[in-house]
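Here's the letter readout for the chains.
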Amino acid sequence: MERVYIAMAAAVSIGVGALATAWVQSRIGTAGAGALSEKPELRGTVIVMLAIPETLVILGFVVAVLILTGGG
Amino acid sequence: MIAPMSKVQVLGPRRLLDAALAFLQQQGALDLRTPSPLAAGLPSGSLHSVPLREGEHAVEHALESGLEAASSLLAGLPAGGRAEEEPLPAPGEPEFAARLDALAAERRDLEDRIAALKEERQVVDRYGRLLVALAPLRPVLPKPGDPHTLGLVMRHDARALELLDSELRRLTDGNCSVQARPAGEDQLAVLVTVPRARANEVAALLFERGVEEIRLPARYAGQPLVDALRLLLARERDLPAQIASAEEDLGRFAARVAPSLRRAVRQARERLDRLRALATCGETRHAFVVTGWLPRAKVPALEAGLSTAFEGRVTLVAHAPTPGEEGDVPVVLQNPPAFRPFERLLALVPPPTYGSLDPTPYLAVCFPVLFGLILGDAGFGALGVVLALLWRRRGWGGAFGRDLAQIALACSVAAAVFGILFGEAFGNLGAELGMRPILMDRRRAVLSFLALAVGVGVLHVGLGTALGVVQSLRHRHLREGLERAGRLLLLCGGAAAGAALAGLLPRAALAPTLGAGGLGVLLAVAGGGPLALLDVVLSLGNVLSYARLMALGLASVLLAEVANRMATAVHPAAVGIALALLLHAVNFTLGLVSPLIASLRLHYVEFFEKFYEGGGRPYHPFALES
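First to last, the protein sequences are chains A and B. So for the first sequence, the working numbering puts the first residue at 1; every next one is plus one. So for the second sequence, the working numbering puts the first residue at 1001; every next one is plus one.
Please keep in mind that the hints were generated in silico from the structure rather than gathered at the bench. A portion of the hints provided could be inaccurate.
Label-pair restraints from in silico Cβ distances [said to hold, decoys possible]:
#	chain 1	residue 1	chain 2	residue 2	range
1	A	Leu19	B	Lys1118	52 to 58 Å
2	A	Gly29	B	Leu1522	41 to 47 Å
3	A	Gly29	B	Glu1236	50 to 56 Å
4	B	Leu1016	A	Glu38	41 to 47 Å
5	B	Ser1072	A	Leu19	50 to 56 Å
6	A	Leu19	B	Pro1618	21 to 27 Å
7	B	His1571	A	Pro40	46 to 52 Å
8	A	Pro40	B	Val1570	30 to 36 Å
9	B	Glu1213	A	Glu38	51 to 57 Å
10	B	Arg1209	A	Pro40	53 to 59 Å
11	A	Leu19	B	Leu1447	23 to 29 Å
Dumping the calculated SDA-like pairs for lysine to any residue here, alpha-carbon to alpha-carbon at most 20 Å [as the list claims (entries may be wrong)]:
#	chain 1	residue 1	chain 2	residue 2
12	B	Lys1143	B	Glu1201
13	A	Lys39	B	Val1349
14	B	Lys1007	B	Val1317
15	A	Lys39	A	Gly29
16	A	Lys39	B	Gly1355
17	B	Lys1007	B	Gln1025
18	B	Lys1007	B	Gln1471
19	A	Lys39	B	Ala1347
20	B	Lys1007	B	Val1349
21	A	Lys39	A	Met49
22	B	Lys1007	B	Leu1302
23	A	Lys39	B	Gln1025
For clarity, every value in this text was computed on a predicted model and none was experimentally measured. Yeah, the Cβ is synthetic: ideal placement off N, Cα and C, and Gly gets one too.
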């Protein structure tokens, strides 16, 4: 039973992070597409903005790995 | 590095201004600025911008309209064809506009001729098919009467044909015939014969029901069917040659005028640039001054060129940027050839300000390392090297493509090197074939890989912070430098303490490293105030962000492993191998895109934030069109 809890905890860790990243990227993507149609020179900034929330899912993944491996 | 720039003033007699501007445009080095009287060493009010004279306004207008007309005449002209080039009058001359009008009319005639011939080919094709289908049919009436025939086009539909037949029988009391033959894939050619007395009623019925009647174009109408058919077949034979001939005429027209038109467009743009550049020049009653920025290394050549061309009557004065002028100085990056392609990656963010640090060399070294650490596969790396070399050899995309190929080559080599260190080639295929990890097996030593990723983050962020310290000291921003030095000390102390806890350093080092970290916090607060604590926490976030190197790298290697398993698990083996190849191709594509975006992000967000001063002014020299 304990292994099930561990697996579920890891799944929640990465799942919630992925959902949060997806939601934020959808908002930034929409705004970024609008901004690019007006000012194409902002493409670098938009790419950076779009990549910023990736950290959420990456850290979720790291926590999931730590949960699954027992942190050592 | 950022090339040192000089502010240049070119001075000479007013009557030589046009010639001096033409010379400067030819040299293509000076980024023009509006001169100020004080900078030119003149009393306020004595220097004013050069207005366009009466004739120059007219020339400007003529050039603009000529440019528009020549560009639209050039647009869509076919390539190829051989003809002697036709010289054109100079753009801006009245004869130029008249000649362009004549050429536009000539082009229109040629295009209309081609369009008419192509339309006729469609007509001939359509009616030819129908008439060929109708030719064997004979107009007959079941009962005596004067026969009237109608040709119809219908879709292949037996029910519709039956319905038409029954309606016509009802209308003509059974004295009609409906004969149909296929004409093409989905059409029927139908010959309807009715008594002439009922022709109008039948025509009205067909119109009501939307049945299409064959109406030959005027050229073929009113002739017996056989004659019309013969004429159509003759045209069908002749038209391709006539169309080809008309297209050749258009090609010859293009070959005759396109080079001259392109030259005229270039000349018009250059002349317009010179006229517009006048607005940035200053003049007194007898002299002119042209001001701008120039890379310092090019000053002697321009000075010598001016002296020779104007026999000493036009002189050049150059000086270094004065304090406060940095924001106006355009930025020219000057890096060794190996680093130069990476300037393209810097083009995605605003250029660095003059006097700040050019991050291109650091980007050129660190970017491939981060990319390689993520992809880390000898097989994919070797494949990338082959593709990059092919790309460079073929010269796809011109200069831009060559630079990208160079970046791809560096990244692929790094991926191959890390692949050897991790013992990976197309996932675990390398291990199956005897490759052994030299550094670590990423698939199993996940936490060690995470530690490596964070360690790389410490080094990268630490390098950025150290550059920030140097930058602050160069600008004499001592408090900012102190804060950055404190953060660097905290970062180094924290990393060393982590290494001591992990057993990589002696345990005795723990206390001094923690002390150094604490001192770093104090220095940061001393330099930046309490808000510096927030930056300290953000720096920790910056370092943790490098965990993505591990996450993306692990995802890549596991996807490759799944592809390899598929090759052995799926039967028949050919399907398994095909699926594995497909998955490897997907993984390779993802392996190019994900590390690229992640590495760029780590540079732009985590690394540049520590020292980069963006917002520089791009260098736009006043030059001839290339």
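Hint by hint, here is what the structure shows:
1. A/Leu19 to B/Lys1118: 52 to 58 Å: Given about 57 Å between the Cβ atoms, the range holds.
2. A/Gly29 to B/Leu1522: 41 to 47 Å: holds (42 Å)
3. A/Gly29 to B/Glu1236: 50 to 56 Å: holds (55 Å)
4. B/Leu1016 to A/Glu38: 41 to 47 Å: Taking Cβ atoms as reference, B/Leu1016 and A/Glu38 lie about 44 Å apart, which means the hint holds.
5. B/Ser1072 to A/Leu19: 50 to 56 Å: holds (52 Å)
6. A/Leu19 to B/Pro1618: 21 to 27 Å: violated (41 Å)
7. B/His1571 to A/Pro40: 46 to 52 Å: Holds, at about 51 Å.
8. A/Pro40 to B/Val1570: 30 to 36 Å: violated (45 Å)
9. B/Glu1213 to A/Glu38: 51 to 57 Å: holds (54 Å)
10. B/Arg1209 to A/Pro40: 53 to 59 Å: holds (55 Å)
11. A/Leu19 to B/Leu1447: 23 to 29 Å: holds (26 Å)
12. B/Lys1143 to B/Glu1201: Holds. B/Lys1143 to B/Glu1201 sits at ~18 Å (cutoff 20 Å).
13. A/Lys39 to B/Val1349: Satisfied, since the Cα-Cα distance of roughly 13 Å is no more than 20 Å.
14. B/Lys1007 to B/Val1317: Since the Cα atoms of B/Lys1007 and B/Val1317 sit roughly 8 Å apart, the hinted pair holds (cutoff 20 Å).
15. A/Lys39 to A/Gly29: Holds: A/Lys39 and A/Gly29 sit about 15 Å apart, inside 20 Å.
16. A/Lys39 to B/Gly1355: violated (27 Å)
17. B/Lys1007 to B/Gln1025: Since the Cα atoms of B/Lys1007 and B/Gln1025 sit roughly 17 Å apart, the hinted pair holds (cutoff 20 Å).
18. B/Lys1007 to B/Gln1471: Roughly 24 Å between the alpha carbons, so the hint for B/Lys1007 and B/Gln1471 is violated.
19. A/Lys39 to B/Ala1347: Cα-Cα ~15 Å, so holds.
20. B/Lys1007 to B/Val1349: violated (26 Å)
21. A/Lys39 to A/Met49: holds (15 Å)
22. B/Lys1007 to B/Leu1302: holds (13 Å)
23. A/Lys39 to B/Gln1025: violated (30 Å)
This entry does not satisfy hints 6, 8, 16, 18, 20, 23, going by the numbered hints stated previously.
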